[in-house]
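Participant: Could you build all of it, start to finish, from the sequences and the hints given here?
Order-wise, the sequence lines are chains A and B.
Read in order, the letters of the first sequence correspond to residues 1 to 192 in this note's numbering.
Read in order, the letters of the second sequence correspond to residues 1 to 198 in this note's numbering.
Calculated directly from the structure, the hints in this document are not laboratory data.
Quick caveat, the model's predicted, so the values are computed rather than measured.
There could be a bad hint or two in this list.
Covered stretches of chain B (chain A as the covering partner; in silico rule of three or more C-beta atoms under 8 Å from a C-beta of chain A) [said to hold, decoys possible]:
no. : segment
1   : 116 to 127
2   : 187 to 196
Here are some chain B residues the structure puts well away from chain A; computed CB gaps all over 10 Å [stated by the list, open to error]:
no. : residue
3   : A32
4   : P91
5   : S136
6   : A158
Residues from chain B that face chain A, not an exhaustive set, calculated with beta carbons under 10 Å [what the hints assert, rightly or not]:
no. : residue
7   : W49
8   : S112
9   : A167
Using N, Cα and C, we set each Cβ at its ideal position, and we do this for glycine too.
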Amino acid sequence: MTYLARITLGLLVMAATAVSPQSGSKGPVFAKDGSLVLPAGFRSWVFIGGPITPNKLNDGTAPFPEFHSVYIERENLRYYQKNGKFPEGTVMVKELALAQVGEHPDGSLDSASGRGYFPSTLNGLDVMVKDSKRFAGTNDWGFFTFGHHAEPYETVAKESSISQCAYCHIASVAKTDMVWVQYYPLLKTKID
Amino acid sequence: MMPKYLFSLIAGVGVVATSWFVLAAQTQQSAAVFNPDGTMQLPTGFRKWVFVGAPLTPNALNNGKANFPEYHHVYIEQRNVDAYLKTGEFPEGTVIVKELTRVLNPTFPDGSRTEPSGRGYFNGEYNGMDVTVKDSKRFAATNGWGFFNFGHHPLPYAESAKEASVAECAGCHIAYVAKTDMTWVQFYPILRDGDKTK
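Facilitator: Structure, rendered in C-alpha cells:
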C-alpha cells in the first residue's frame with residue numbers, strides 16, 4: 001500500500017468511526033452493594049410491545065398498573081432474533097403508564113378513535129438483567145423494581161426477592177430465556 | 001508549487017469532509033419520501049424511533065370492528081420529539097408512524113385474556129400502518145399535515161400510499177387536536193409531560 005493510500009484509508013476509517021451510531025450494548029450498571037442503577041436512555045431503545053392490565057379488570061389493583069411498555073437495546077434484539085436467547089448483559093426495561101380514566105365500568109374511555117385504553121401518566125419501572133454468574137440462582141436473570149409510581153423513579157434498586165418476580169418467570173417462561181416472548185411481535189418475527 | 005502528494009492529501013480530506021457534511025445533512029432530512037405522483041413511500045427504520053405511546057381500541061369494545069384494530073404503537077424520531085418538547089410544535093418534515101397490532105387470542109367477551117401478570121390485553125400480530133407527515137406547503141389545506149394509510153392488515157404493508165381523504169383522517173384531527181399541532185399529545189406521556197430520563 002502506498003503512503004497516500006494509507007493516509008486516505010486512515011482518514012476514511014476516522015470518518016466512518018466518527019459518523020457511526022453508538023454500537024455495542026452499554027449494559028447494566030451496578031453499585032458496589034450489588035444494587036442496580038436506574039438505566040438511562042431506554043426510551044431510545046427498541047420498543048417491543050405493550051401489554052396492558054387495566055386496574056378495573058384486576059379488582060382495582062393490577063400487579064403492574066397498567067400499560068407495560070417494554071424496551072430492549074437493538075443489538076440484543078438482533079441477537080435474540082438470530083439465536084433464540086439473549087446475550088449476557090442484556091437489560092430489559094418495562095416502563096408502566098396509567099390508563100386515562102374512562103367512563104365505562106372496565107375503565108375504558110370513549111375517544112375519537114374508538115372505545116379503549118389510552119396512556120396517561122408514566123407510573124413506574126421494572127428491569128431485568130441477564131448475568132449468568134451474578135444471578136445463577138434465578139435462571140441467569142436478576143429482577144429489579146424502581147417503584148410503581150409517577151416519576152421520579154428510584155435511582156437505584158436492590159434485587160427483588162424470588163417470590164416478587166423470578167418465580168413467576170421460572171414457572172411460566174423458563175424455556176424462552178425467562179421472557180414472555182409471546183407478547184412481543186418483534187421477538188416472534190425476524191423483521192427489522 | 002505544492003508537492004503532489006500533499007495536494008492529494010488535502011483533496012482527500014476535502015472529500016471526507018464533504019461526505020461528512022452530506023451525511024450530516026441527510027440526518028436532518030425528513031424521513032418522508034414522496035414519489036413523483038405524490039404518493040408516499042412506506043417509511044423504514046421507524047421501529048428504531050422513539051416509541052411515545054400505545055392506545056388500544058380492541059375490536060371487542062368497538063362492535064367487532066375498531067377503526068384502528070387494535071393496538072396503536074406510535075413512533076417519532078428523537079430529534080422531532082426533542083423539538084416538540086422545546087417549542088410545542090413539530091418541525092417541518094416530521095413523520096409520525098402509527099403501527100397497529102391485533103390483541104393476543106381473546107378469551108373474554110371484551111377481548112381480554114388472563115395471563116400471570118393479570119387480566120388485560122397483550123400484543124398479537126402486526127396489523128397495519130398509518131402515517132402523518134408535516135409539510136406546510138404540500139398539505140396546506142389540512143393544517144400542514146398529510147395522512148397516509150399503508151393498509152390495516154398483517155405484514156407486508158403497502159409499499160406506497162396516496163394521501164387519505166379529509167373525511168378519512170384529517171377531518172377528525174382538525175376537529176379535535178388542531179391546537180396541539182394535529183397530534184393527540186394527551187395520549188403520549190412523554191409528549192405531554194416531557195422525557196425526564198434524559
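Participant: If a hint holds in the structure, say so; if it does not, say that too.
Facilitator: Against the structure, the hints:
1. As drawn, the segment 116 to 127 of chain B meets chain A at 11 residues by the rule of a beta-carbon pair under 8 Å; at three or more, the given contact holds.
2. Proximity of the segment 187 to 196 of chain B to chain A, defined as three or more residues with a beta carbon under 8 Å from a beta carbon of that chain, is established by the 7 residues found.
3. Listed as outside the interface, A32(B) is consistent with that label: its C-beta sits roughly 19 Å from the nearest C-beta of chain A, beyond the 10 Å cut-off.
4. With a least CB separation of 18 Å from chain A, P91(B) remains clear of the 10 Å interface cut-off, as annotated.
5. Remark: the non-interface label on S136(B) is consistent with the geometry, its nearest Cβ contact in chain A lying 23 Å away (cut-off 10 Å).
6. Listed as outside the interface, A158(B) is consistent with that label: its C-beta sits roughly 16 Å from the nearest C-beta of chain A, beyond the 10 Å cut-off.
7. The beta carbon of W49(B) is positioned within 10 Å of a beta carbon in chain A (closest approach about 9 Å), and the interface hint is therefore held.
8. The beta carbon of S112(B) is positioned within 10 Å of a beta carbon in chain A (closest approach about 6 Å), and the interface hint is therefore held.
9. Interface hint at A167(B): violated, since its Cβ lies 14 Å from the closest Cβ of chain A, which is beyond the 10 Å cut-off.
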